[in-house]
Amino acid sequence: MESFSLILAIVVVTALAFDFTNGFHDTANAMATTISTGALKPKIAVAMSAVLNLVGAFLSVEVANTISKGLVDETGIRPEVIFAALVGAILWNLLTWLVGLPSSSSHALMGGLVGATVASAGFGAVHGDVLVTKVLLPAVAAPIVAGLASLLATRFSYGVGGTADSEATRKGYRAGQIASAGLVSLAHGTNDAQKTMGIITLALVAGGSIAPGSNPPTWVILSAGMAIALGTYIGGWRIIRTMGKGLTDLEPRQGFAAQTSAATAILASSHLGFSLSTTHVVSGSVMGAGLGRKGGVVRWSTATRMFVAWALTLPAAALVGAGAESVTGLGDWGTAAVAVFLVAASAAIWKISRREVVDHTNVVEETGEPAGVVTAAIAAVTPPPAGMVTEDLTATIPAPVTEPSPAAPAAPPAAAV
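Counting in our numbering, the sequence shown runs from 5 upward without gaps.
There's no promise every hint is true.
Claimed, not checked - Below, a list of computed lysine to aspartate or glutamate pairs in the EDC-like style, where the Cα atoms sit at most 16 Å apart:
| no. | residue 1 | residue 2 |
| --- | --- | --- |
| 1 | K298 | D253 |
| 2 | K175 | E78 |
| 3 | K45 | D363 |
| 4 | K298 | D363 |
| 5 | K47 | D363 |
Bear in mind the hints are in silico, worked out from the structure with no lab data behind them.
Construct the complete structure from the given sequences, taking the supplied hints into account.
Now the structure itself:
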């Protein structure tokens, strides 16, 4: 019984470690556009996001129940299975953070859980209908819906306000950005912190500490909220740079439209119990805002790499989770070996990241990301803004300069009439 209690404690600690990585991995979801447009200083932005993530963790438990009660058969799960699932999720989070790609922590967790469960109890232990309706379909629909909403909101904003961009207008939209960024942070805590609550609750059920079908205990809600808030405060600066500068260039009114659309989608999904990826939602809304402004573009080379990471998240985390479960199934020494591998791999990734440090001092620097063929084509056919034609032509098409030929004699002056 003592050995079983030890593995349960290891699972809880590992789950909170995942929650921590979720926090700094997904900080960009709430604060990237606010930082990139200068609405808030980087450190102030992440501190604000951390506090609201903690508050959001207490607003609902619907998503936690989806994971702890709906995704897999909780009666046939051992704590080692959940530990293996967390290993897959953490390693995928760290790898995508290292290369600055905004992938889904939620899908990493659920991919690891599905892979470890299949390796332990077979495909029958996974509830396929829940996986499809509450995970896969929202994964496809979320960025499309958020992107369209953000595109329309951006066009409406420019249509109502015209092209006027006075200092008063910019201040107003920056204030709106701060408010909408707070709403996204609140929504992120409501949705993402619950995933760790659900995984810990599932471990407690598997360990016999609470009855099947129980809601997350209060200490689970508090610890999960604090872990994600701490991770958020640390700041995932690499992904913030990609989301804020590498994907598109946003003005304050675009940032406001993107964040408002994202927060609405996330809060609605949390109420319905959908385990939505906040990364997918925010990325879709940022791209929609980029395309919503006349002459605005999206760096499709960055977006393509991001889409590939999204497609790989579930299967990659599932494979790692299944492999880790195969090793933990060999006994206590197998679980210890997986734990040592997790710590060593995490330390190696952190050491590699120190070769090129990205923090609050350089997060708003340009990434140097090429625009790509599609973006260049759009920019080429987009007419310049009104009032800039003469200036641009003067700057880009100078008057031809002719030099007299040294061999030719100067022309005589014209005769006066």
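Results of checking the hints against the structure:
1. K298 / D253: holds (12 Å)
2. K175 / E78: Not satisfied, since the Cα-Cα distance of roughly 51 Å exceeds 16 Å.
3. K45 / D363: holds (12 Å)
4. K298 / D363: violated (32 Å)
5. K47 / D363: Given that 16 Å is the threshold and the Cα spacing comes to 10 Å, the pair holds.
In this structure, the hints that do not hold are numbers 2 and 4, in rising order.
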